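Asker: Which chain is which? The protein sequence lines are C and U, in order.
Using the UniProt record's numbering, you'd call the opening residue of the first sequence number 1 and step up by one each time.
Using the UniProt record's numbering, you'd call the opening residue of the second sequence number 1 and step up by one each time.
No lab work stands behind these hints, which were simulated from the structure alone.
Treat each hint with caution, since some may be false.
What the hints assert, rightly or not - Pair by pair, the computed Cβ-Cβ distance ranges are:
1. U:G164 x C:N18: 49 to 55 Å
2. U:V174 x C:D50: 18 to 24 Å
3. C:G286 x U:A173: 48 to 54 Å
4. C:G101 x U:M63: 42 to 48 Å
5. U:K245 x C:D5: 49 to 55 Å
6. C:P188 x U:P72: 55 to 61 Å
7. C:G286 x U:E224: 55 to 61 Å
Stated by the list, open to error - With a Cα cut of at most 30 Å, we get these calculated BS3-like pairs of lysine-lysine:
8. U:K122 x U:K147
9. C:K331 x C:K319
10. C:K2 x C:K265
11. U:K147 x C:K109
12. U:K141 x C:K109
13. C:K107 x U:K147
14. C:K319 x C:K337
15. U:K245 x C:K107
16. C:K2 x U:K256
17. U:K141 x U:K122
18. C:K107 x C:K337
19. C:K109 x C:K319
20. U:K245 x C:K337
21. U:K245 x U:K256
22. C:K319 x C:K107
Unchecked claim - Here chain U is said to cover these stretches of chain C; the calculated rule only asks that three of the stretch's residues, wherever they fall, bring their Cβ under 8 Å from a Cβ of chain U:
23. 13-24
24. 45-51
The structure presented is a predicted model; accordingly, all values stated were derived computationally and were not measured.
Where a beta carbon is used, it is the ideal one built from N, C-alpha and C, also for glycine.
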Amino acid sequence: MKYIDEFRDGDLARGLANAIADAADPARGYRLMEFCGGHTHAISRYGLQDLLPANVRMIHGPGCPVCVLPIGRIDSAIALATEHDVILCTYADTLRVPASGGLSLLKAKAQGADIRMVYSCADALRIAQDNPQREVVFFAIGFETTTPPTAAILLQAAQLGLGNFSVLCNHVLTPAAMVHIMESERDPAAVAIDGFVGPAHVSTVIGSAPYEAFVARYRRPVVIAGFEPLDVMQSILMLVRQVNEGRAQVENEFTRAVTREGNRKAQAMCEQVFTLRDSFDWRGLGEVPHSALQIRPEFAQFDAELRYGVGYRQVPDHKACECAAILRGHKQPADCKVFGTVCTPDHPIGACMVSSEGACAAHYTYGRFRLQPE
Amino acid sequence: MTSYIRPLDFRNGRVDLSHGSGGRAMAQLIDELFARHFANEILAEQADGACFALPAGAGRMVMATDSHVVSPLFFPGGDIGALSVHGTINDVAMMGARPLYLSASFILEEGFPLAELLRIVKSMAQAAREAGVAIVTGDTKVVEAGKGDGVFITTTGIGVMPEGVTLGAGRIAVGDRILVSGMLGDHGVAIMSHRENLTFETTIQSDTAALHGLVATMLAAAPELHALRDPTRGGLATVLNEFAKASGHGMLIHEKAIPVRSEVAAACELLGLDPLYVANEGKLVAFCAAPDADALLAAMRAHPLGRDAAIVGEVIADPHAFVQMQTAFGGRRMVDWLTGEQLPRIC
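In isolation and in its complexed conformation, chain C is listed as follows (with noise of 0.2 Å):
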């Protein structure tokens, strides 16, 4: 495949692994957390931490959309289909995350739900179209990169004056994750990361300057970093450097793809009709201050919540769950009681579980060999 088998060379893959390995100290450990888990997928499926000197250790982020959404939010969408009767589209990663009273959408779709899984938004205004007497909503999910075809639809809706159509609106921003993380310290020069490999899709949207203030502020490094494993061990050699060097800046290498600024179109189109919430719950991390969006109240009429009614009612993470401690760097998947044993993916128990991109999911599908003694 042209443009992707040249990001994916083992040739070019051992030559960077020594260039890591000649820059690292060994006199110092570095910690470096991946926010994205399209990063954390390609660090796993091409077994990148094999190529890594020991003592530089990948912490896998909170960036997976799935993982983090929590059980409330589900509920909600499940109580749309069935107690409003509406036809409920969703991308498909989100089907089997586990609801509360043993439910999922894809259980809530067995029971005769009519859950429909669309791979665009577009998708689910065009069943809108198609099912004039129906309701239809879309559960809306991810960060800045899925955020603006949802706004893209919402403006189509408007415009269409499609009265059949909203949207459940759970997207969520990555910056004001990564500050959440800085602060769960009462001193944030104590946590436990030396530098983030920054997300590579969500800043092609936001752009590197949103990371700006953040290295400032934290005086942590961040490498924004495209998704494929070239580009991800190249990313972990210029944080290694800027470690080394005492720097903290934004550096880009994903400069095929993202600017500065991002894309200003894709901006303008979520700020007419998104605004910030005062707070969010994010699945293993808790209330989130500023760190989600809601439908502007001219878009009210395509808002599911205000539509329907849907309140929303926090469901607490499984007590021996550690997945907070693992998205904040402070512990890894197999310190966790339930990992491998209660908690897999094929009943996950913890946000890291849910999605094949959470840390504990990628940690156990594809580097479990790793924990086992010989």
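Mind docking chain U on chain C? Use the hints.
Answerer: For chain U alone, coordinates are given in the frame of chain C:
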């Protein structure tokens, strides 16, 4: 003798409930469609079952069954008819047996066009003829509109085991080589390219094929062939995990050695799927002792259905019986059981 029955309208007619009622309409459907196209001596007896003698010297028999519910019914490179013949023949063949006879059971949905049913039956007849296997008994039921998905077909196959052949997970030993018979993922991607709301243009065709000829060649070439399985649903990864669990050994495969068409790799990339988990309908996975591996590979490559065969890995000692992969990138990772159904990811 004149029948005084108006022939079935295979151009515009549709299946109705009377075709499954046991009356004249059902008899007519059997005569004009199934008996006519599957034609063979045993079926011509018009009995409730099939009565046949075993080939001289036949010892052990193999029996396998498979239900087919594929959607869409017609896809690039095949249809549910050919698939239902190949699928069961392959299940018999993977035991090492030579398939002889098939049964075919149809569940039809009221309103299903007879023209499509004819196309499916002709395709089954052709697949069976090409495979040298006779469809000798069957059944037809009709369900009300909305209670089926056009047509479901269950086939059962019977075959004879050659003298001295025993295949199975129990024979897999540490050091065995793992071979695949060709390009992986073609069937799954061909099907997905025609799913509703996901149409994308591709030249990929389903690989549906009967593999017993290839298996016979392999048995002749490699006495130390230990196990065979066709990687259908769940793909290569699932077969390896099944054998790892059943044999108690680990497996190590090498990503660079695994044959995948670039079109399939690209489609999987686009859909967020992993070709290791995508279905095949005309491929097999083989385990054989290391000294026999090269001869086996050569024999497979000399067969039209094994041209792209490759040695993809080996059986290793591992008390946890994990399946691992050396990635083309240089690292190592697990190839685990599939969780739920393989669903595309959004980011």
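Asker: Are the hints correct? Go through all of them and say.
Answerer: Hint-by-hint comparison with the structure:
no., hint, result
1, U:G164 x C:N18: 49 to 55 Å, "holds (53 Å)"
2, U:V174 x C:D50: 18 to 24 Å, "holds (23 Å)"
3, C:G286 x U:A173: 48 to 54 Å, "holds (52 Å)"
4, C:G101 x U:M63: 42 to 48 Å, "holds (43 Å)"
5, U:K245 x C:D5: 49 to 55 Å, "violated (33 Å)"
6, C:P188 x U:P72: 55 to 61 Å, "holds (56 Å)"
7, C:G286 x U:E224: 55 to 61 Å, "holds (59 Å)"
8, U:K122 x U:K147, "holds (25 Å)"
9, C:K331 x C:K319, "holds (16 Å)"
10, C:K2 x C:K265, "holds (28 Å)"
11, U:K147 x C:K109, "holds (17 Å)"
12, U:K141 x C:K109, "holds (28 Å)"
13, C:K107 x U:K147, "holds (20 Å)"
14, C:K319 x C:K337, "holds (11 Å)"
15, U:K245 x C:K107, "holds (29 Å)"
16, C:K2 x U:K256, "holds (17 Å)"
17, U:K141 x U:K122, "holds (19 Å)"
18, C:K107 x C:K337, "holds (27 Å)"
19, C:K109 x C:K319, "holds (29 Å)"
20, U:K245 x C:K337, "holds (25 Å)"
21, U:K245 x U:K256, "holds (24 Å)"
22, C:K319 x C:K107, "holds (24 Å)"
23, 13-24, "holds (count 3)"
24, 45-51, "holds (count 7)"
Going down the numbered hints, you'll see the structure goes against just number 5.
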